[in-house]
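There are 2 protein chains.
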Amino acid sequence: MADTLLCRRNLAFELYEMHNAEALCERPRFAEHNRETFDAALGTAHSIARDLFAPHNRKGDEHEPQYVNGAAELIPEVAPALTAFIEAGFLNATRDFEVGGMQLPNLLSQACFAHFQSANIASSSYAMLTMGASNLIEAFGSAEQQQRFLTPMIEGRFFGTMALTEPHAGSSLSDIRTKAEPAADGSYRIKGNKIFISGGDQPISENIVHMVLAKLPDAPAGVKGISLFIVPKFLVNDDGSLGARNDVALAGLFHKMGWRGTTSTALNFGDNDNCVGYLVGKPHHGLAYMFQMMNEARIGVGMGATMLGYAGYLYSLDYARNRPQGRHPDGKNPSSAQVSIVEHADVRRMLLTQKAYVEGAFDLGLLGARLFDDSLTLPTEDERQQALELLDLLTPIIKSWPSEFCLKANELAIQILGGHGYTREYPVEQYYRDNRLNPIHEGTHGIQSLDLLGRKVSMNGGAALKALLKQIHSTCAQAAEMPELNGLRTPLEQLVNRLQTVTLALLGDLIAGKVNQGLANSALYLKAFGHAVVGWRWLAQAVVAQQALNTAQGDDVAFYQGKLQAARYFLTWEVPSCQHELALLEARDDTCLAMQDAWF
Amino acid sequence: MADTLLCRRNLAFELYEMHNAEALCERPRFAEHNRETFDAALGTAHSIARDLFAPHNRKGDEHEPQYVNGAAELIPEVAPALTAFIEAGFLNATRDFEVGGMQLPNLLSQACFAHFQSANIASSSYAMLTMGASNLIEAFGSAEQQQRFLTPMIEGRFFGTMALTEPHAGSSLSDIRTKAEPAADGSYRIKGNKIFISGGDQPISENIVHMVLAKLPDAPAGVKGISLFIVPKFLVNDDGSLGARNDVALAGLFHKMGWRGTTSTALNFGDNDNCVGYLVGKPHHGLAYMFQMMNEARIGVGMGATMLGYAGYLYSLDYARNRPQGRHPDGKNPSSAQVSIVEHADVRRMLLTQKAYVEGAFDLGLLGARLFDDSLTLPTEDERQQALELLDLLTPIIKSWPSEFCLKANELAIQILGGHGYTREYPVEQYYRDNRLNPIHEGTHGIQSLDLLGRKVSMNGGAALKALLKQIHSTCAQAAEMPELNGLRTPLEQLVNRLQTVTLALLGDLIAGKVNQGLANSALYLKAFGHAVVGWRWLAQAVVAQQALNTAQGDDVAFYQGKLQAARYFLTWEVPSCQHELALLEARDDTCLAMQDAWF
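Heads up: the sequence lines are chains A and B, in that order. Residue numbers are given in full-length UniProt numbering: position 82 of the first sequence equals residue 82, and the series is strictly consecutive. Residue numbers are given in full-length UniProt numbering: position 27 of the second sequence equals residue 27, and the series is strictly consecutive.
Warning: the hint list may mix true and false statements.
One copy or any two copies: either way a pair holds, since identical chains are not told apart in the list.
Quick list of in silico lysine to any residue cross-link-like pairs, SDA-like style, CA-CA up to 25 Å [as the list claims (entries may be wrong)]:
#, residue 1, residue 2
1, 59, 204
2, 514, 572
3, 224, 32
4, 224, 332
Derived by calculation from the structure, the hints in this document are not laboratory data.
So here's chain A without its partners, still in its complex pose:
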């Protein structure tokens, strides 16, 4: 069986040919690094993912967490896998050397983490949640909070969660009802119920640090009245030792279609009116803090979706190469040997589609990580700000596009395996079930489309959109000088130019107060915008591949040919399809908006 975590040749292409990881080493923060240290980290990630995460991926699905005596029990393989992950430094891959981190670029950290997501998305989630929660405390917590909670999280002794959703408030966070009352000692008493809290209980870490959104008594209505609290499972004494159990109860577990290895919990805070919480930062700023951390989390979700797609693609490719079935349409002599199904045009279509989706998404996610690095380490404030704005603009795409299209890739992987693909004796059905979560959590598809059209494209006078368009046109200009790429550029330019016109028209609607109409078809906008961005990424990959092909040797020739063919697929089979969405947007089609409840 081939290695199906990811394609290592493509990883090198992405890091060193597309995103120029080595150039990051010229920046002071990464001066200790070079390609060797990067590759060493990647190699370690690969080994641990292969040896400790992949082997229990199916078992974690079949033996989902159990609720026993008020606590969640997991299969025993999860803890040692996470221990190895932590000991190898991946929990703090981007943190400073001085706190025990590897001080790696986010680009490398995401690339390392991708191995774990591909091997076992459920077990890797405990780490991702802890990274998200600890980043919040690092960015906004007091020195005292950092010492008490962040330090043991960095050490991997405490894990973290993000506790946002309530039974009646999911996408609409402004409606949360969890309360926080000030106590005499400066802490708060939390009372409320949260659901869908991933990692809300587990037997692995000494303690769990819940990052809880709640409302203070004087909170204004809506999103500007939400505050952020640290609510530990166990209180922590001044000397760092664990104190009493806090009034946080595991009310139950949700039983999911996939991603089963990660506990999804209902948590009750303050059933006994004694749940201690600590305010992070300023009152009423909780949602803003959460959103400042969202870029990284949404890159993580997009990469998770990508890696599930990637694993399915590589598995179905290996299967297609080794499964004999049928003959070519023009060679139907029944006495001849069967051909491998990779020989069939329609199977090639399904493989090429997967390749285009997962490698396009992989490039996009790493671009996001690179922009994140740029937003932190470029020399000037202006440059950093521009990188951050571009990342802000792309974030809804980075999150949603892989969630939609790498799920489609998983659907195709099942189809290639046929009846076998539908059985749990093969891994691809689990990838499909796992991946179905991604269009839902961390902001649904609908929320992403409203974020993109209602907020991101117009922010700062559309500066980020202009910067994006400039980069796309620059790539098109490069492609224009390469006759071999003839035909690839035009569909992208046609899409992007029309998208620009449509964007202005829709923003005009919004400015004119036609908000419901302007946003009604935002899902179509998200699709077209996403395909424009991924189309750009494929053209950029084609430019690099074509340049490299001129001097390539050995296996690299086929690798670059594959890149060019996948780019051709995406730009001729996928990108032009979005003209249809743009036509509907141009026409302000109101079919869905005008539909009445009673008519269903």
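Fit chain B to the known structure of chain A by using the hints.
Showing chain B alone in chain A's frame:
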């Protein structure tokens, strides 16, 4: 909770307004029937499905069949549900009165069966398999075989299976290796291994009649060397009593992603060289027999996919009406009450898309059933032949279109329920998992596309295609006379006209011997052809709805408005998107065909 089996108003619309079920009663075969007898059968189906099939749908999923001592064990609820189904006459709904049947039109039989598919696709499958197997024996078995095997199947004492697939031969049936050696007594000894045999073992029926494809010693290579055999689990004595256990062993069960309540088995025939089989019909004609029964089976698969989509649509609609979340984009006062999510434009889009898919597919499946009736009961041979040819042409669409688009509907139902939709506490995730089988079994999507383009559109000089186009143009002409339907007809005409041109061009390629090229993009052709057919069905529904709207009263007004809006959705949001597929077909785009194995 609303009734989520199907919409009874829409069922009446389909049967009596679209497909004119009452007119069938003018034909001699159905002369005993009228709308009252039809509705009585539908009512009984609804009650049994609701009371005996739906309640154990989740349990059957959670407690899948177990392999115990060489046999499959099921949850106890399946047997009484099937007993009620049989006692109510649904196993023989279309059979003659004189053998105990209801002599119902296939149109009504499919409509009745749809209730069971919606309520519990897995438990209903045992009945569907038995119907398929018994129909084969009825059509091609000898009188003696019919008495020995068919009669107890009609009585519901014996169930049946279709045993085609082998480990190395799925889509490529010509490569099966199961052997049949003539024995002295005129029977045969069967030896071989079959996999994915649904219902291959179960504890419900007294006996199981496997319809097995195998090769005789003198068989020519390929599909023309396949014969059909009856292979019972228990031999049957001359007096009808059960004899010895035949040499058929349950080798194991497959564990599927969904559809878990139906056993999927590996069967070994002749491990002890003593497996008795009986040749059905003539030697080497087995595959032809199987395919003559395929229309009905493929309508059944398409209807199964449709009903899973339908159940998810109705459930998510009910949820959307009762789930408050967020506010309109232009009314963001956070102190105002939350609105039901059905108020959000993007949720309406997801509901309207589901409605368009499932009601379009439902109409299409019933059209297939109506054509099947016509092929049997129209007065003249010519008329019957024309109906059969049109059904033959449409069969790959009837099977594959719902399998693809009602699965998408299930994906949207999950999305509407958000995090809840992803949990097994709600039913929609199971519909999604169950439905994922449909693009695979009874001929994969790829096989259907080759059947359509490589065989069906050109059969009999393209007569069926011409007949279809004539009907589509006739519907367009009706729509042209209704100003209210302005704008609906044009996208369909544009698609159909271009599809016709593309079809001729592709058939030209095939005739010219460019078989690999001509068939390479058959998946695109299947999509465009399917959307043309369903677009036609939606225009036909719009014509009927618009006519009825002029005199409609009460709730009917909203019902017909809903039909018109769903038609508008399908014809403006879906149909025009296929121009992209047609452009690729016109260009003979060879991106997938030219992709090389080494480039992946």
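* Against the earlier hints, flag every one the structure doesn't satisfy and list their numbers going up. => Of the numbered hints given earlier, the structure breaks just one, which is hint 3.
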